[in-house]
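Chain by chain, the residues run as shown.
Number of protein chains: 2
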Amino acid sequence: MGSDAAMSPKITVELLRQLRQAMRNTKYIAEPIQAYIVPSGDAHQSEYIAPCDCRREFICGFNGSAGTAIVTEKHAAMWTDGRYFLQASQQMDNNWTLMKMGLKETLSQEDWLISVLPENSTVGVDPWIIATDQWKNMSKALAGAGHSLVAVQDNLIDAIWMDRPTRPSTKLLTLGLGFTGLTWQDKMTALRSKMAERKISWFVATALDEIAWLFNLRGSDIEYNPVFFAYAIVGMNTIRLFVDIKRLAVPTVREHLQLDTPSKAELSIQTAPYESVFTELQAVCASLVPKEKVWISDKASCALTQVIPKAHRSLIPYTPLCLAKAVKNTTEIQGMKMAHIKDAVALCELFAWLEKEIPKGTVTEISAADKAEELRSQQKDFVGLSFPSISSVGPNGAIIHYRPLPETNRTLSLNEIYLLDSGAQYIDGTTDVTRTMHFGSPSAYEKETFTYVLKGHIAVSAAIFPNGTKGHLLDSFARQALWESGLDYLHGTGHGVGCFLNVHEGPCGISYKTFADEPLEAGMIVSDEPGYYEDGLFGIRIENVVLVVPAKPKYNYRNKGSLTFEPLTLVPIQAKMVNTDILTQKERDWVNEYHRQCRETIGAELERQGRKEALDWLIRETQPIA
Amino acid sequence: MGSDAAMSPKITVELLRQLRQAMRNTKYIAEPIQAYIVPSGDAHQSEYIAPCDCRREFICGFNGSAGTAIVTEKHAAMWTDGRYFLQASQQMDNNWTLMKMGLKETLSQEDWLISVLPENSTVGVDPWIIATDQWKNMSKALAGAGHSLVAVQDNLIDAIWMDRPTRPSTKLLTLGLGFTGLTWQDKMTALRSKMAERKISWFVATALDEIAWLFNLRGSDIEYNPVFFAYAIVGMNTIRLFVDIKRLAVPTVREHLQLDTPSKAELSIQTAPYESVFTELQAVCASLVPKEKVWISDKASCALTQVIPKAHRSLIPYTPLCLAKAVKNTTEIQGMKMAHIKDAVALCELFAWLEKEIPKGTVTEISAADKAEELRSQQKDFVGLSFPSISSVGPNGAIIHYRPLPETNRTLSLNEIYLLDSGAQYIDGTTDVTRTMHFGSPSAYEKETFTYVLKGHIAVSAAIFPNGTKGHLLDSFARQALWESGLDYLHGTGHGVGCFLNVHEGPCGISYKTFADEPLEAGMIVSDEPGYYEDGLFGIRIENVVLVVPAKPKYNYRNKGSLTFEPLTLVPIQAKMVNTDILTQKERDWVNEYHRQCRETIGAELERQGRKEALDWLIRETQPIA
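As given, the protein sequences belong to chains R and Z, one line each in that order. Heads up: the first sequence is residues 1 to 626, going by full-length UniProt numbering. Heads up: the second sequence is residues 1 to 626, going by full-length UniProt numbering.
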């Protein structure tokens with residue numbers, strides 16, 4: 001996604017003409033449709049998507065992460081949120097109307113369709129890229145106005161997209177016990193015991209990270225996410241894996257999956273082409289006896305979900321794989337710790353380097369991010385970044401989802417705050433860390449707000465809470481100090497983090513918005529990242545990845561047991577930004593103890609790697625505060 | 001509900017025989033039904049119900065506040081929760097099976113019905129006392145197993161209940177502007193402007209407190225709740241009030257409602273008998289033109305809700321009356337303050353009296369509660385209690401919903417903690433206060449846990465938070481100190497409080513359980529009542545009613561503005577129970593400032609009322625803590 005493509009509008013006259021033709025073409029649909037919906041996303045409801053799935057970008061030009069395009073016979077409109085108003089208006093030509101979500105006057109997709117469609121219209125959508133609940137809402141709203149929503153099996157964008165990239169089919173990486181702690185056979189057995197417990201005969205896995213986790217395999221089909229395109233259908237005696245068959249021709253993969261020499265019949269994997277999941281699921285469903293139930297995520301595609309007859313369908317908000325994956329085992333925890341040590345080494349080196357280079361005026365947001373990536377890539381088992389680095393100077397820091405582009409690229413200086421939110425994938429773990437630094441003299445106000453954010457970070461990190469507590473109940477702890485001064489931040493406080501998997505994963509998190517989260521459990525890993533953003537001036541965020549661990553407070557009410565967090569991220573928090581007067585003694589002790597750990601653990605590794613300058617920097621930055 | 005009735009089982013052989021006969025009687029149903037559901041509750045989904053609505057108690061003998069009875073041709077079962085297992089087992093004879101909710105092995109009502117019913121059975125229920133969402137769930141579950149749920153218009157319990165009390169029709173009390181701050185005409189106009197805003201033609205009011213609030217009328221049909229049985233249907237030019245017509249024969253009521261001389265046509269009230277709401281709503285619905293919408297609460301009865309054709313029905317979680325009622329106007333706030341001053345006078349006198357009387361060994365939970373009621377009744381405009389007093393000594397304090405009965409009645413002593421949770425209805429306001437006291441020497445552990453609860457109480461009461469914050473986001477503040485020591489309490493932290501209305505009201509509150517709450521707004525009134533309960537030993541709860549008020553912190557992020565709480569309850573918190581070492585300086589300051597206010601405001605009123613002993617007690621109990 002280069003800057004040229006990003007910032008000049010895409011000419012869409014011809015594409016829209018072709019799409020409208022397809023909307024009337026009986027090759028694809030029995031009757032012409034009057035509107036076609038193009039959501040973001042892929043058939044697995046992935047957060048990040050592969051180039052072949054960027055259909056909304058293809059049709060309208062807008063390449064932000066969130067947006068839905070709708071084309072009717074006469075109109076073309078695209079809905080996105082406040083983060084993207086400017087970008088979308090620059091990337092779309094005037095065949096398109098930008099629908100600014102969140103503004104009062106902006107119609108919803110349903111209301112807009114109802115306002116522009118002729119009576120008794122038919123609206124089409126690809127059932128593979130719309131989730132069941134979205135389908136239901138849209139279908140209901142349209143039906144209420146006399147229209148109907150229909151599934152168009154052939155994707156009409158794909159039909160007109162001549163140079164559409166092929167679906168990636170990257171090399172599969174097998175992970176041994178030393179990284180996973182459990183064989184895929186163990187995981188399969190655990191899954192089946194959950195199924196037996198709830199009298200479930202079949203489970204359909206559709207989320208790519210769940211499939212990767214289940215089979216102890218990784219791929220690189222999607223940037224930043226070490227996953228591969230696949231589906232799985234698991235019965236009590238059957239395992240079907242749907243994946244590009246060519247990928248299985250590799251001996252290590254064949255052996256890992258025991259494709260040629262399965263030990264037991266029920267652990268024998270039947271492989272089939274990725275595309276055959278639909279017909280295979282139909283076959284499974286045709287053989288169901290009354291009362292047999294099939295588990296599928298309520299976020300799975302409409303297409304697959306509707307294959308399962310309603311009487312047999314059991315929709316679940318979080319699959320047993322999602323829940324099992326969230327609680328890391330000892331090996332995974334050890335791996336995550338190792339990954340965070342390596343990551344901290346790279347960041348210490350980066351910050352030492354920045355300290356030296358910034359005064360020369362040659363470091364920019366982009367070059368600093370590149371340097372961070374370079375330093376990370378020197379670490380063992382580095383695979384790639386875990387998300388696009390948010391490297392932001394001064395006012396750019398106030399744009400929460402900022403990503404530096406050549407035309408916005410600012411130079412790091414001694415006068416402005418620098419915020420770096422970045423992370424990497426290593427074979428042993430995934431990292432995600434934000435540090436906010438000032439390389440000159442921060443103002444009293446910058447220090448004051450930084451310190452409130454730090455207080456919030458500590459309040460969550462040091463919180464002790466009963467077993468069974470949901471993460472959203474901790475969100476206000478992160479805001480208390482800011483609220484007391486009339487300040488706040490408009491994002492959640494934390495998200496689940498995968499182990500050499502997606503940097504954002506469910507089912508846990510820390511947010512005022514999430515009430516469907518599952519309770520925190522020892523072994524879960526989340527981020528703790530309160531912030532403060534002053535529009536046009538600066539952004540502050542302090543983010544550690546933290547591990548949920550048992551706590552041993554004085555009492556133990558009803559033998560419930562307590563939990564707390566242990567920071568996995570071990571990168572100094574800049575003391576220069578702290579107004580120590582605003583901290584309590586307990587908070588100062590927390591900072592000093594945290595820095596002692598950073599010095600001890602990261603210092604030893606810097607020593608071992610012979611990174612002298614970074615070690616000096618670390619030692620300076622971890623002096624106790626008074 | 002005397003103690004005899006409460007604790008010996010009701011003989012139900014004959015009643016069950018009659019009910020089963022009615023279940024086959026074509027006088028009531030076209031075809032026999034195989035099961036009949038008897039929920040708790042009335043046609044208005046009231047929390048407290050009138051004797052004529054205690055149908056579940058009538059059929060099975062169990063008189064607790066929560067429980068559902070189901071009778072089939074062969075079985076009779078009653079579901080209730082852990083609070084009531086003992087009581088229910090004592091009150092029901094062996095024709096009944098007690099279904100202990102919350103235990104793993106206990107079947108749900110649906111599953112139990114499916115397990116005992118013959119194929120293709122019909123299950124009946126009175127559609128007036130089941131809410132729409134409950135109906136839907138039950139209906140769906142039964143349909144899935146080949147059965148069906150049907151509405152039985154005549155209540156079959158009423159059919160066999162020979163000495164059923166008549167529906168109360170108490171004297172209506174009209175409230176003038178001095179108490180309400182707004183005329184009912186103003187409220188009607190405001191309601192209609194909300195309706196116009198959302199293009200709603202009709203609104204059906206079913207909640208008794210909303211109707212009482214709308215018309216500035218009160219009744220005493222239900223104990224503790226100053227409400228009266230009624231419905232209202234409001235259109236843009238029509239007001240229909242459904243109430244026992246005899247109640248309107250009083251000149252003051254006629255004048256208040258302007259029944260004889262309406263000022264404007266659209267403010268003219270058409271009155272009709274309570275029972276005629278069904279046919280009148282049918283008539284309204286018959287006249288609807290396409291796209292016209294009717295608002296009704298999603299908690300309204302199935303019977304009324306289903307009168308409104310689906311295309312016209314707009315279900316809302318909180319009605320505009322519920323929302324408007326929650327934000328108290330200046331007059332109501334003033335009234336609530338007055339009520340709390342009077343209430344504090346009574347409690348200061350009570351505690352001074354207890355201090356003197358307890359050493360004699362003659363005060364019991366029941367006599368203390370009676371004394372509190374007597375002292376409250378001496379205050380101006382006292383109407384009655386706002387809920388049954390929870391007056392509990394030692395281990396009884398650990399039973400959260402305890403209500404003293406002769407067989408559980410404990411004597412107050414110098415050795416055990418006394419917890420009193422009580423409140424009253426005054427014409428100017430409703431109170432609800434809990435104080436936990438020790439009249440001898442509390443143990444270090446009692447003081448420690450009391451102090452944690454106090455820290456939680458203060459954390460909520462002194463919290464500053466942005467406008468738009470929902471109350472449930474404050475719940476964890478109340479638990480933080482307890483959690484740090486491994487302790488917790490298993491109830492919410494606060495509920496909305498009506499103004500001379502129900503002591504529990506929506507749509508706001510402070511609870512880890514409630515996510516459907518509406519944001520807190522200046523003028524809302526809630527309780528702040530964290531606690532700690534040590535089974536078999538003691539209970540601690542510190543409860544104030546607090547008013548949401550604007551706060552003015554240092555900054556004002558995005559001009560959102562901030563809020564905080566002002567305590568309305570002004571009764572000293574026993575300093576003897578506090579371990580001041582565990583308090584921060586800020587918390588000690590809060591206690592001292594709170595006690596200064598108690599002394600100033602309540603002291604002046606005690607002085608005025610010449611209650612010398614209580615004044616001395618107040619002055620002693622409000623000495624600053626160090």
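Hints are supplied without guarantee of correctness; some may be wrong.
[To be verified] Which bits of chain R does chain Z cover? Going by a derived footprint, with three or more residues having C-beta under 8 Å, they are:
| hint | region |
| --- | --- |
| 1 | 264-276 |
| 2 | 454-465 |
[Said to hold, decoys possible] Some but not every residue of chain Z turned toward chain R, in silico, with C-beta under 7 Å:
| hint | residue |
| --- | --- |
| 3 | E119 |
| 4 | L182 |
| 5 | L473 |
| 6 | W483 |
| 7 | S485 |
| 8 | L487 |
| 9 | G492 |
| 10 | Y512 |
| 11 | Y555 |
| 12 | S562 |
| 13 | K586 |
| 14 | W590 |
Hints were generated in silico from the structure; no laboratory data involved. Remember, it's a predicted structure, so these values are computed and weren't measured experimentally. Backbone N, C-alpha and C fix where the C-beta goes; we use that ideal spot for every residue, glycine too.
List, from low to high, the hint numbers that the structure doesn't satisfy.
Going through the list in order, the structure violates hints 1, 3, 4, 9, 13 and 14 and respects the others.
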